[in-house]
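Given the coordinates of chain S, assemble chains L and G onto it according to the supplied hints.
Below, each chain spelled out in residue letters.
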Amino acid sequence: MNVGLLAQSLLAGITNGLTYALIGIGLAAIFKGSRVPNAMQGEFSVVGAIVVVLLLTGNGWPYWLAILCGGLSGAVLGAFIEIAFIRYMIRNAAPEDSYLLLTIGIGLSISAAVLYFFGRESHLLPGFGSDNIYIILDAVVREHVIWLIAISILLTVGLRQFYRGTSVGLRMMAASIDPVGATSIGIDVALMRTFTFMLGGALGAAAGILITPIIPVDYMIGLQLTLKGFAAAILGGLTNPLGAAIGGLALGIIEAMAIVGVSSSYKDVITFSLLILIMIAMPQGLLGRAGRTGG
Amino acid sequence: MKTARFLLIVVAFALCVALPPYLPRHLVDLLVFAGIYTIAGLGVGLLLGQCGIANLGQIVFYAIGAYATAYLTVYVHAPAAVGFVVGIAISAALALAIGWPILRLSGYFLALATLAMGIIANALFFEWDWLTGGTLGIGGIPKLQIFGFVLDTPLRFYYLVLGVVAICMLLAQNLIRSRTGLALRAMRDSQDAAISLAVNPRWLRTRVFILSAVLGSVAGSLFAHYGGFANVQSFGIEKSINFLLIPVLGGAASLIGVVVGALFIAFVPELLSQFGSVHQMLFGVALVGVVVLMPAGLTGALAGIWRRSVDGAKP
Amino acid sequence: MSGHAEILGVQGVGHSFGGFSVLKNVNFTVPHGSIVGLIGPNGSGKTTLFNVISGYIRHQHGLVAYDGEDVRAESIQARSIAGLVRTFQTPKVFEQMTVLENIMAGAYKLTRSGVIEDLISLPRSRADMRRITELAEEVCAKFGMEKLRHDLALRLPAGQRRILEIARAVIGRPRLLMLDEPSSGLNTNEIASLRRWIEQLRAEGIAILLVSHDMELMTVADRVHVLYFGEIIASGGMDEIQKNAQVREVYLGA
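Protein chains in written order, with the working numbering: chain S, 1 to 295; chain L, 1 to 315; chain G, 1 to 254.
Bear in mind the hints are in silico, worked out from the structure with no lab data behind them.
Treat the hints with caution; some may be incorrect.
As the list claims (entries may be wrong) - Pairs of lysine-lysine, DSS-like flavour, derived with a Cα cap of 30 Å:
1) G:24 with G:243
2) L:2 with G:147
3) L:2 with G:142
4) G:147 with G:92
5) S:267 with L:239
6) L:239 with L:143
7) G:142 with G:92
8) G:243 with G:142
Values in this document were obtained by computation on a predicted structure and should not be read as measured data.
Bound-form chain S, shown alone (with noise of 0.2 Å):
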């Protein structure tokens, strides 16, 4: 095990680990805003990718108005499904599961969909920046890998700012932890989750942009990014998206500790046997706060 193959395969974990992080954060933050475990997350990411690649492909537009669409289709996506669906569902007082299948749902409906009109092909977009490769302790570093890591650090922190210190983050925090006393001291709950799910979905989207330069995006790929999201997300609190970018880059890292160490056959058995370990050791999540709904 030389050092050049080691660091490489700890780029491809970070890497990873941030997509992972960013998916688990969109998670994260539509559980804080709304109590829904959303199982289609995932899917915003698909759908994000596929308009910037049906904009930039198909039809010629710049890069970075590209990019700006498909991050906005994941917003108004998100909050199509919580005009179309959870508002009806909150009126009726449907049971606590019913929001995790519907999720279920949509995401099985989206990834078919995708399968329908886009076929089975996947599609690569190009990196951001220019083509430069840059070697960082024997390992090859494309220039869109710093990007990525940048963006993710950036959307993190400022997810973190935006909760703590905006207006708008502040009351969709107070409409979902309290939506009665939210709504008597004259905060909107219904428009707070709508919010809630347009900034979920934005962040989905967003990790799919990031991540479809690396590894192409295709209709199957949806269910593989919401499973190892919610795992991040999951290690992290489930309410907390600083934990679920923890979370996240922690899976990153130890999947590829286990292809590099074991084999990359077992990368999946040995990430979720350590997930299901942490979640037995540690109920409360590496940042100690999950499922605290007060009292």
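For chains L and G alone, coordinates are given in the frame of chain S:
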């Protein structure tokens, strides 16, 4: 009301026995799958309806039952019963070993743990091809024979499955109506209060988990004999999600709901496939429709319609 | 420990959470078949004490003796089977079950058939269920809930939920019943009714440990202890307590 329900069940069962010989072969084939899914879904349904646990790992025990049957009947030339028994034994042991630590977890954590279980098992089935045959799987599983009577048509197999379903339903009914059922529902509604009444949640949950695993294994073994093969493609995560959908769609609170849900999962994708490749999308949409519009599942909705029409008939 | 004159003996019990001593040195007893009251301002440790005695918390210092035996190592379930039963500050009824089923759940611990027996419906399993149902019907009638017995507990108002919780606790033949704020959320009539139930239970030989803010209700107790931030600062009959200077100071404005 109770006699009405009883009569309904008797009539339904009579139809199940009398009707199939007149149905086209491919419909009977679907009914066989509906029956197999009912058995697997019953386990998941008991965990969901009686314990409030979402189990996304039923596929593991289904696969174990299928592979045990496949391996033992094809490579060891053991009688079919051995395949069933070994599958059940391994599934029960595994359920105990894994269940005991993870059933402490609650809510989404537990669901994720069971999902992780499914993913791990799927990867192992793929890797351990010396045991499972990997993607090629194990083929040539012999047909089942009952006292020399070979079950080589869908209709014959259907009657076997119907019998097994009836027995499993009876057992589940017994459980629900017993003191154990009482304890399970108490535990589901308020764990703290149940504990204060000397209920031991972890112990009880583990037992139901083991029971669910046994049901999954039996279903898997039946599947292996019916299809004649077992390979890893049949045991993916989508199947596990489908198994959970069975009690959810049908209505987790009732046993009939499991049957309804299994019928949905067996028939609807087939029905939709006539619309061409758009059928998977339609299935997703149908699922969303049921979840949003019928929160108590299909049986809940039907019961609601029944109640409303009965009330409407009153002067 | 003098043992069997008391059903419950609490001696030198202390417990801290994260460096903060919620219980410091709690000492009191509950004689067989008597009603003992615990009062104290919010935050004085009453709920923690309840949790310690019933087994939800394993206390760090001191002795909790039930019927003369140290119960520290006993699980909540074991204590419950031995007759030490508690209710909760907010009634934890089984909402998706009927009133009758709730009460039946309380009789679970009186029977013994196992999961396998239940599965194949052996005679003992069926007999157990018959017995549980009969007992529950009796207790249900006794508490005046026969008309409601097939109603979902979800639909019950707060007052009825309290009674249901007590009925559910009583069917299991408790010897010490711990009631946590049983009167909160109840109107005057319901509280009077509750008081009669408590006296009735004492008449049947059940010892009762009662925590309440309601001073009027507290007069039903034979002896009252005042818990103030982890320690008993006064004990006696309700009239004595109300005249106690230290107690009045503690409750000034409360």
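Outcome of the hint check:
1. G:24 with G:243: Between residue 24 of chain G and residue 243 of chain G the Cα gap is close to 25 Å, so the pair holds against 30 Å.
2. L:2 with G:147: holds (19 Å)
3. L:2 with G:142: This hinted pair holds, its Cα atoms lying about 27 Å apart.
4. G:147 with G:92: holds (21 Å)
5. S:267 with L:239: holds (22 Å)
6. L:239 with L:143: Status holds; Cα separation ~24 Å.
7. G:142 with G:92: holds (21 Å)
8. G:243 with G:142: violated (38 Å)
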